[in-house]
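A.B. asks: These are the residues of each chain, in order.
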Amino acid sequence: MSRSLKKGPYVDEKILRKVEILDQQSRRDPIKIWARSCTIVPEFVQHTFLVHNGNRFLKVFVTEDMVGHKFGEFAPTRTFRGHTNKKEERR
Amino acid sequence: MPRIVGVDIPNNKPVWISLTYIHGIGRFQSAKLIEACKLDAYKRAHELTEDEVARIAGELEKNHVVEGQLKRQVGSNITRLKDIACYRGIRHRRGLPARGQRTKTNARTRKGPRKTVAGKKGVKGK
Numbered sequence: 001m002s003r004s005l006k007k008g009p010y011v012d013e014k015i016l017r018k019v020e021i022l023d024q025q026s027r028r029d030p031i032k033i034w035a036r037s038c039t040i041v042p043e044f045v046q047h048t049f050l051v052h053n054g055n056r057f058l059k060v061f062v063t064e065d066m067v068g069h070k071f072g073e074f075a076p077t078r079t080f081r082g083h084t085n086k087k088e089e090r091r
Numbered sequence: 001m002p003r004i005v006g007v008d009i010p011n012n013k014p015v016w017i018s019l020t021y022i023h024g025i026g027r028f029q030s031a032k033l034i035e036a037c038k039l040d041a042y043k044r045a046h047e048l049t050e051d052e053v054a055r056i057a058g059e060l061e062k063n064h065v066v067e068g069q070l071k072r073q074v075g076s077n078i079t080r081l082k083d084i085a086c087y088r089g090i091r092h093r094r095g096l097p098a099r100g101q102r103t104k105t106n107a108r109t110r111k112g113p114r115k116t117v118a119g120k121k122g123v124k125g126k
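For the protein sequence lines, the chains are Y and D, in the order given. Be aware that the first sequence starts at 1, since it is given in the numbering used here, and climbs by one per residue. Be aware that the second sequence starts at 1, since it is given in the numbering used here, and climbs by one per residue.
Derived by calculation from the structure, the hints in this document are not laboratory data. Hints are not guaranteed to be accurate.
When the alpha-carbon atoms are kept at most 25 Å apart in a straight line, the in silico DSS-like pairs for lysine-lysine are as follows [to be verified]:
1. D:K32 to D:K62
2. Y:K70 to D:K82
3. Y:K70 to Y:K14
4. Y:K59 to D:K82
Being a predicted model, the structure only gives us computed values, none of them experimental.
Isolated chain Y (complex conformation):
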């Protein structure tokens, strides 16, 4: 079920505050983020974020297309490099 429109998008206020401060100083420093469920709002466009994936921080540069998605969508939490190929292993 989707989120109630009455509440509006879920945005971590701390992140919004940090972005506002950066905007005032017109700086573009990356911001570390643990709030993967936070929605990307238009204010975040053109900023760089370091999104936690449970292990490390992945750099995410927010573009206009990303608005409406969540930070977590851009930092995969699983590593799967494919199955081992038996033939290649023997060599």
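Dock chain D against chain Y, hints included.
C.D. replies: Just chain D now, kept in the frame of chain Y:
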């Protein structure tokens, strides 16, 4: 046989059903369309007059995205997801289900025919 929006030639079925042969028109949209054009849903498609066909075509043009245009729209939506490299985009690139379905079993629609791995033991063999 009447022609509506390009190559679509519905047949001797009730108009309501034959309209669903257009890509992007299902039963629900079709019923709405008939309503908007004030037609008899159970009239056969070949009994439609020129005027009625024109009315359907006009209504489609105005309020529906259909056929090639719809396919392009869907394609561009997927390309967008791929470009921004979000989770759903990555799943599309990999040809895996994008909506959180299980992939341990099933998911054959996306993954295609089974690729049997030699030497892999089943659950029973353990």
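A.B. asks: Give a verdict on every hint.
C.D. replies: Okay, the hints, checked on the actual structure:
1. Between K32 (chain D) and K62 (chain D) the CA atoms are separated by roughly 13 Å; this keeps the pair inside 25 Å, and the hint holds.
2. For the proposed pair K70 (chain Y) and K82 (chain D), the alpha carbon gap of about 15 Å is at most 25 Å, so the pair holds.
3. Proximity of K70 (chain Y) to K14 (chain Y) is assessed by CA-CA distance (about 16 Å); at most 25 Å being required, the pair is judged to hold.
4. The straight-line distance between the Cα atoms of K59 (chain Y) and K82 (chain D) is roughly 17 Å, inside the 25 Å bound, and the hint therefore holds.
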